[in-house]
Amino acid sequence: MIPVTIPSSFFLACLLSVPARAAALPLLLLSVAVSVFVTSGCSKKPGDPAVITVATEAARERGAVLFSPERSVYHIELSADRDEGLLTLRTLDTDGSSALETSAEGLELHITADGREHVLILAPVANLAIGELAGGTSRYQGSAAWLKTPGELGVVIESITLRGRKHEGVTATIPAAASTAALPSPTSSATAAN
7 MIPVTIPSSF FLACLLSVPA RAAALPLLLL SVAVSVFVTS GCSKKPGDPA VITVATEAAR
67 ERGAVLFSPE RSVYHIELSA DRDEGLLTLR TLDTDGSSAL ETSAEGLELH ITADGREHVL
127 ILAPVANLAI GELAGGTSRY QGSAAWLKTP GELGVVIESI TLRGRKHEGV TATIPAAAST
187 AALPSPTSSA TAAN
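Residue numbers (the numbering used here): 7 to 200.
Bear in mind the hints are in silico, worked out from the structure with no lab data behind them. Because the structure is a prediction, the values reported are computed rather than measured.
Using C-beta positions, here's what the derived DEER-type ranges look like:
#	residue 1	residue 2	range
1	E76	E114	15 to 21 Å
2	I136	P156	30 to 36 Å
3	V125	V60	30 to 36 Å
4	S109	T179	26 to 32 Å
5	R66	V162	19 to 25 Å
6	S104	G157	28 to 34 Å
We put the CB at the ideal spot given by N, CA and C, even for glycine.
Take these sequences, add in the hints, and give me the full structure.
Shown next, in the form of structure tokens:
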């Protein structure tokens with residue numbers, strides 16, 4: 007629904023109360039256009055570069071990597087707690103900081119660590135504090151001893167669906183220096199292979 011301002015509502019009421027004339031239609035259209043322009047120009051747009059830059063820097067300060075899959079306005083944050091051998095994936099909305107609930111039962115990742123490829127299955131971890139359930143969460147975690155490696159991690163997300171759009175083969179790199187020991191790490195029942 008398009009918000010209508012009080013002045014434009016007045017003009018609309020005046021125009022609609024008189025018989026339609028050819029001269030009245032342009033004024034009606036102008037009133038609607040001005041109303042839409044005035045009310046829509048004040049809010050932040052999805053994917054606002056300034057907002058995304060702030061979110062990216064905040065993720066980097068936590069030792070995480072924030073990125074957007076190709077042709078998507080939504081974001082994914084990856085972080086590796088090297089001390090615990092724990093990898094966390096968060097799905098985020100267009101602002102890069104608000105949780106975006108997904109319903110995946112698990113996510114399969116192919117991760118290259120120390121020159122070897124591994125498979126890691128991430129399990130959903132519900133954040134009850136914000137009302138998430140296992141069937142609708144924004145956080146997935148998995149653990150493996152090889153995640154404790156200090157080197158760079160090359161990640162390929164096999165498949166992930168964000169707001170009804172499926173993304174396959176999504177790639178990212180977690181830098182060697184990234185560590186998230188300061189992040190909260192709830193327990194997970196994720197399993198690792200290889």
